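Trainee: Each chain, letter by letter, is given below.
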Amino acid sequence: MLKIAVCAKQVPDTDIPPSQFKVDEGALRVIPPAGVPPIVNGFDMNAVEAALRLRDAGVECEIVIFSVGTEFALDVMKKPLAIGADRLVLVDDEASESLDALGTARVLAAAIERDGGADLVLAGRQASDWDQAHVPIMLSEIMSAPLVTLVRNLAMNGGGESFEVERVAEGGFQRIECPIPAVMTVTNELGEARYANLRGIMAATRKQPETMTIADLGIGDVANNGKLEMTRLFVPISESNVEFIEGEDEADSGRLLALRLREAKLI
Amino acid sequence: MSGGVLIVGEVVDGGLHPTVRQLVNASERIGNEASLCLAVDSTFDDSVLEGIGVGNVILLEHTDTAADGSGGVYSLLTELACEAVKRLEPSSVLIAKTDAGSVISARIAARFDAGLASDCIDLALNADGKVAVTRPVHGGSALAVYEFAGDGLQVVSVRPGSFEPAPVSGGLPEIERLDMSDVSVEGEVPVLVETVSEEGEGIPLEQADVVVSGGRGLGGPEPFDNLRELCGLLNAALGASRAACDAGWIDHSHQVGLTGKSISPTTYITFGISGASQHMAGCSSARNIVAIDKDREANIFSHARYGVVGDWAKVLPAFTAAVAELD
Ligand SMILES: Cc1cc2nc3c(=O)[nH]c(=O)nc-3n(C[C@H](O)[C@H](O)[C@H](O)COP(=O)(O)OP(=O)(O)OC[C@H]3O[C@@H](n4cnc5c(N)ncnc54)[C@H](O)[C@@H]3O)c2cc1C
Chain W
6 MLKIAVCAKQ VPDTDIPPSQ FKVDEGALRV IPPAGVPPIV NGFDMNAVEA ALRLRDAGVE
66 CEIVIFSVGT EFALDVMKKP LAIGADRLVL VDDEASESLD ALGTARVLAA AIERDGGADL
126 VLAGRQASDW DQAHVPIMLS EIMSAPLVTL VRNLAMNGGG ESFEVERVAE GGFQRIECPI
186 PAVMTVTNEL GEARYANLRG IMAATRKQPE TMTIADLGIG DVANNGKLEM TRLFVPISES
246 NVEFIEGEDE ADSGRLLALR LREAKLI
Chain R
-19 MSGGVLIVGE VVDGGLHPTV RQLVNASERI GNEASLCLAV DSTFDDSVLE GIGVGNVILL
41 EHTDTAADGS GGVYSLLTEL ACEAVKRLEP SSVLIAKTDA GSVISARIAA RFDAGLASDC
101 IDLALNADGK VAVTRPVHGG SALAVYEFAG DGLQVVSVRP GSFEPAPVSG GLPEIERLDM
161 SDVSVEGEVP VLVETVSEEG EGIPLEQADV VVSGGRGLGG PEPFDNLREL CGLLNAALGA
221 SRAACDAGWI DHSHQVGLTG KSISPTTYIT FGISGASQHM AGCSSARNIV AIDKDREANI
281 FSHARYGVVG DWAKVLPAFT AAVAELD
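Protein sequences appear in the order of chains W and R.
6 is the number of the first residue of the first sequence in my numbering; add one for each residue after it.
-19 is the number of the first residue of the second sequence in my numbering; add one for each residue after it.
Rather than coming from a laboratory, the hints here were simulated on the basis of the structure.
Take the hints with a grain of salt, since some may be wrong.
Unchecked claim - Cross-link-like lysine to aspartate or glutamate pairs, in silico, EDC-like; alpha carbons within 20 Å at most:
1. Lys241(R) - Asp136(W)
2. Lys274(R) - Asp257(W)
3. Lys294(R) - Glu253(W)
4. Lys241(R) - Glu181(R)
5. Lys110(R) - Asp131(R)
6. Lys294(R) - Asp18(W)
Just so you know, these numbers come straight off a predicted model, no measurement behind them.
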């Protein structure tokens, strides 16, 4: 049976109006808007979907979600379970806040290892909070496993000895044959994660995550040893200087806009 | 070289990727003795390095570089870049945040236990000679400044287009060819089966002087036909928001934004796009944004030069008709 590890991160909801995005410049933190629950990083949900499609295609597999973080919203982190993932492993540790990408990748690698390893590690192409796109790439380096980025389609070849992958590339896509085990990053072109049905949601409610701390993994000190420190965090101010074109009605506004743009030599 | 800045440049079809000259320019912010290394094969013609503006260039020669660069996995290029870092011992590595650069930079950082700052749009040296970088975070909703600390290797990837290309200066730099034929990739590697070109319809987005884009507010695929008609009249390229692409109304190759294409037209006209920070990340260098949206509070208007508050279904036909009558 193929073991698939999907790395998923809890991040602030990205679907808030930009005016609600606030930072604490002193504490160098993003202030989550009150009452808006976090989400599973969108691209990571695309990765879960990729795993589920392998199963739909008849590949016998176990799908395990791995997450490193703290203050987990359990109902949020259980979303992948509700659509069909089998288990959830949480490395829940306050110290994860101070991990850099390499530290996070080491923790994930150790958690996957402790769980018996994986034939395929999937993750989103990047996390929507810090937009780094480092962790899965570093994970491939740590696990000495081949890496394919920006996957938009994933299948297994007939004999089950390798993966047939399509990755997004400039001006088109590339078909790649990838050996097992491998690490892959998934992009939204693959398609959105399916919706949970009631049965799935009920099943997920009954499942409990396996929880551990970084110390439990016995990999020593992985904390960010100060290689890179944030010194400023701020919201750039864009000064609005929009000129609204207003005609007698909307159609008239459209007509006047064309004239105005021509006058300004913009079209 | 030991210490100093090493630029890891990309070669495409025997020429320099446009980001190479941008990196040369960026490197001047953090030091004055940058070296440039390029993974090439023996057919590489030195003359493309004329006026490159760095003191010396190291050519990492291996027969399979072109195949690896176009193969989408970049494992040989990673090994070559790591070998260059090992031999040259730079204090900083500069690389472009392209598909290849994202992979290579993160793998260098993991291998050398280095600090890594990616997708940077600005660089500086602070008072104690450490590199400080600015990078957009949270989809461009905020900017963060980071400083490298400690004595380890500093790896910086730079967002393409955030620096102008360095002006042509000097003649041919000092060029050193290193035979890298004994470098190989260990273990099993993914194999490219084929590259399929899927160019979107119409004028390429990156080259157009006028771009017309549609978003979720259009409500379906049909209105994109109206935008196509407008594009024809304006000689414009067709763009879209991710929401419109994810909905399947238009191919993803038209997506503008953080995880889509970066465009810098003179005029960018949007219909039913709210202006999320991730969308703006791909069009912030458009010189004039013109937005049509029914919500006066939509974020797109705080970036726009001209705006119409209204229903696209009423504004677009009248706008298109008026454009057709111009001249
Ligand atoms: C990590 C990450 C990366 C992303 N990368 C990208 C990217 O590269 N590109 C991108 O575009 N997005 C990207 N997004 C998504 C982004 O956050 C937004 O969700 C997306 O841009 C919204 O698209 P939209 O403006 O079309 O839709 P919406 O935000 O829903 O806006 C629709 C607009 O249409 C208007 N409207 C509705 N009806 C009408 C009408 N009849 N007439 C006129 N106006 C109307 C509404 O007022 C609204 O302003 C990314 C998100 C994440 C988390």
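Trainee: For the pair supplied as a hint, lysine 274(R) and aspartate 257(W), confirm whether the alpha-carbon distance does not exceed 20 Å.
Mentor: holds, 15 Å
Trainee: Is lysine 110(R) close enough to aspartate 131(R), meaning Cα to Cα at most 20 Å?
Mentor: Measuring from Cα to Cα gives roughly 9 Å; hence the hint holds.
Trainee: Against the 20 Å threshold, does the CA-CA distance of lysine 294(R) and aspartate 18(W) hold or violate the hint?
Mentor: violated, 33 Å
Trainee: Are lysine 294(R) and glutamate 253(W) close enough, with their CA atoms no more than 20 Å apart?
Mentor: holds, 12 Å
Trainee: Taken at face value, is the distance from the CA of aspartate 136(W) to the CA of lysine 241(R) at most 20 Å?
Mentor: holds, 16 Å
Trainee: Check the hint pairing lysine 241(R) with glutamate 181(R) against an upper bound of 20 Å on the C-alpha distance.
Mentor: Holds. Lysine 241(R) to glutamate 181(R) sits at ~15 Å (cutoff 20 Å).
The earlier numbered hint that this structure contradicts is number 6, and it is the only one.
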